[in-house]
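Protein chains: 2
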Amino acid sequence: MIRGVLFDLDDTLYNSSEFVEIARREAVKSMIDAGLDISFEEAMNILNKIIQDKGSNYGKHFDDLVKAISGRYDPKIITTGIITYHNVKVALLRPYPHTIKTLIDLKARGLKLGVITDGLTIKQWEKLIRMGIHPFFDEVITSEEFGLGKPHLEFFKYGLKRMNLKPEETIYVGDRVDKDIKPAKDLGMTTVRILKGKYKEMEDNNYSDYTINSIQELVKIVDELMNKTKI
Amino acid sequence: MIRGVLFDLDDTLYNSSEFVEIARREAVKSMIDAGLDISFEEAMNILNKIIQDKGSNYGKHFDDLVKAISGRYDPKIITTGIITYHNVKVALLRPYPHTIKTLIDLKARGLKLGVITDGLTIKQWEKLIRMGIHPFFDEVITSEEFGLGKPHLEFFKYGLKRMNLKPEETIYVGDRVDKDIKPAKDLGMTTVRILKGKYKEMEDNNYSDYTINSIQELVKIVDELMNKTKI
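Those sequence lines, one after another, are chains A and B. Each step along the first sequence adds one to the number in the UniProt record's numbering, with nothing skipped, and position 213 is 213. Each step along the second sequence adds one to the number in the UniProt record's numbering, with nothing skipped, and position 164 is 164.
Read the hints as simulated data drawn from the structure, not as lab findings. Mixed in with the good hints, there may be bad ones.
Identical copies go unnamed one by one, so any copy, or any two together, can satisfy a pair.
Here are the simulated EDC-like cross-link-like pairs (lysine to aspartate or glutamate), alpha carbons at most 20 Å apart as the crow flies [what the hints assert, rightly or not]:
hint, residue 1, residue 2
1, Lys76, Glu139
2, Lys60, Glu144
3, Lys67, Glu139
4, Lys228, Asp105
5, Lys179, Glu201
6, Lys157, Glu169
7, Lys161, Asp74
8, Lys67, Glu145
9, Lys67, Glu144
10, Lys76, Asp138
11, Lys185, Glu201
12, Lys123, Asp74
13, Lys157, Glu168
14, Lys220, Glu154
15, Lys29, Asp74
16, Lys76, Glu144
17, Lys76, Glu145
Please model the complete structure; the sequences and the hints are all you need to start from.
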């Protein structure tokens with residue numbers, strides 16, 4: 001009997017890859033406009049290297065970028081980048097098409113809904129609140145809160161516990177095979193892979209029970225599973 | 001011979017007291033709307049106590065407020081407060097009337113202009129950049145950069161050095177007698193006190209050479225001083 005759905009956030013409920021890429025590119029352009037003396041392509045190469053080395057939640061990407069290029073701490077240029085990044089974020093952040101309708105349809109079926117996501121708690125909540133979809137979720141579970149992230153099975157077990165759900169009662173929806181679908185499958189959840197974002201070509205190895213192109217396909221899957229367990 | 005003007009930022013170039021107060025009140029209202037179970041007045045009392053104890057640049061005012069009221073870390077409510085605070089900030093931040101015209105008039109007289117301010121470098125730059133007035137300033141000098149803030153004379157000396165100005169060549173414009181006007185006067189700058197913000201009733205003790213109600217009065221004072229030294 002399906003009682004709940006656990007969602008990944010980034011690239012599952014909204015277009016994280018595209019949005020972050022645009023925000024970073026616009027931030028770099030604004031820093032060049034503000035006097036950072038480098039070509040756009042070179043600056044993006046350096047920035048991408050910094051992000052690769054330090055991780056996406058490192059707080060000083062632009063500080064390091066400006067330091068690498070100009071050799072000094074330049075708060076005018078750094079702050080210009082931060083403001084542009086933030087403005088683009090606020091402007092572009094919105095759920096994938098049909099997300100809100102799908103969440104309504106799932107709640108109408110009496111399901112518990114949760115988000116389980118790697119990332120900083122306040123940053124992940126900010127996305128949900130700015131998109132206006134946070135009231136759909138009974139729990140929002142972050143790796144920062146738990147102290148360990150995906151693909152650790154302990155993190156998914158903790159998520160199920162927070163939701164008061166057993167794996168066999170739970171559908172898991174995510175975009176990454178390695179960090180979302182495989183661990184959820186290993187724990188015994190029904191796995192739905194959404195083909196979105198930069199990992200949509202990743203080899204599946206039969207870890208996903210279903211693959212969907214749009215979140216709205218989830219409703220039909222849920223109805224099938226709920227009818228099956230009724231019979 | 002007057003060659004430059006050093007400005008304080010908060011409550012001198014824009015209405016910091018009012019803006020921060022409105023942003024905090026709206027943030028608290030939004031947290032109550034999001035489920036924080038307390039009256040508005042009680043919440044503001046607790047918040048003001050936290051700000052008094054921890055200082056205005058402490059990064060966790062809302063975390064502590066929510067913890068004090070609900071006894072737990074509640075990221076939904078905290079993030080709601082942060083987003084509202086930020087949205088209000090972006091919406092309300094603008095220079096006092098006549099500020100841009102006055103800065104243009106001062107630049108037209110060949111003067112160097114600088115900002116010297118207590119606070120976090122990126123936060124103070126963010127205000128200047130969002131208001132669009134940062135290009136007027138040859139230097140923006142923050143207490144975070146120097147490691148010591150107002151009213152320490154060393155900080156003002158460092159500011160003068162960054163501007164390559166001598167005290168007797170410099171007009172200082174600020175709102176606080178204790179932290180702006182007195183140290184500037186003690187160093188030998190010409191002091192202009194602007195009667196704005198929550199410290200406008202503060203006892204002057206003759207530390208200010210001039211007092212003004214609006215920044216535009218500065219142009220006349222500069223013209224007088226420049227003519228005087230020419231004769």
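Each hint, compared with the structure:
Proximity of Lys76 and Glu139 under a CA criterion of 20 Å is satisfied inter-copy only: 10 Å between copies versus 39 Å inside one chain copy. Taking CA atoms no more than 20 Å apart as the test, Lys60 paired with Glu144 passes in both settings, with 18 Å inside one copy and 16 Å between copies. Proximity of Lys67 to Glu139 under the C-alpha cut-off of 20 Å is restricted to the inter-copy arrangement: shortest distance 19 Å between copies versus 40 Å within a copy. For a Cα distance limit of 20 Å, the shortest separation of Lys228 from Asp105 inside one copy, 19 Å, qualifies, whereas the shortest one across copies, 78 Å, does not.
In the homo-oligomer, the alpha carbons of Lys179 and Glu201 lie at most 20 Å apart inside one protomer (14 Å), although the nearest pairing across protomers, at 60 Å, exceeds that limit. For the homomeric pair Lys157 and Glu169, the shortest alpha-carbon distance inside one copy (13 Å) is at most 20 Å, but the shortest distance between copies (68 Å) is not. Proximity of Lys161 to Asp74 under the C-alpha cut-off of 20 Å is restricted to the inter-copy arrangement: shortest distance 18 Å between copies versus 47 Å within a copy. For the homomeric pair Lys67 and Glu145, the shortest alpha-carbon distance between copies (15 Å) is at most 20 Å, but the shortest distance inside one copy (32 Å) is not.
Taking identical chains as interchangeable, the C-alpha atoms of Lys67 and Glu144 lie at most 20 Å apart only when they sit on different chains, with a minimum of 18 Å there against 28 Å within one chain. Taking identical chains as interchangeable, the C-alpha atoms of Lys76 and Asp138 lie at most 20 Å apart only when they sit on different chains, with a minimum of 12 Å there against 42 Å within one chain. In this assembly of identical chains, the alpha carbons of Lys185 and Glu201 lie at most 20 Å apart only when taken from the same copy (19 Å versus 68 Å across copies). Taking the shortest alpha-carbon separations for Lys123 and Asp74, only the inter-copy value of 13 Å comes in at or below 20 Å, while the best intra-copy value is 25 Å.
Within a single copy, Lys157 and Glu168 get their C-alpha atoms as close as 12 Å, which meets the 20 Å cut-off; across copies the closest is 69 Å, which misses it. Taking the shortest Cα distances, Lys220 and Glu154 never come within 20 Å of each other, neither inside one copy (30 Å) nor across copies (70 Å). When the C-alpha separation of Lys29 and Asp74 is checked against a cutoff of 20 Å, the pair qualifies only within one copy, where the shortest distance is 16 Å, while the shortest distance between copies is 37 Å. In this assembly of identical chains, the alpha carbons of Lys76 and Glu144 lie at most 20 Å apart only when taken from different copies (14 Å versus 31 Å within one copy).
Only between protomers do Lys76 and Glu145 lie at most 20 Å apart by alpha-carbon distance; the minimum there is 13 Å, versus 34 Å within a single protomer.
When the structure is compared with the earlier hints, a violation turns up for hint 14 alone.
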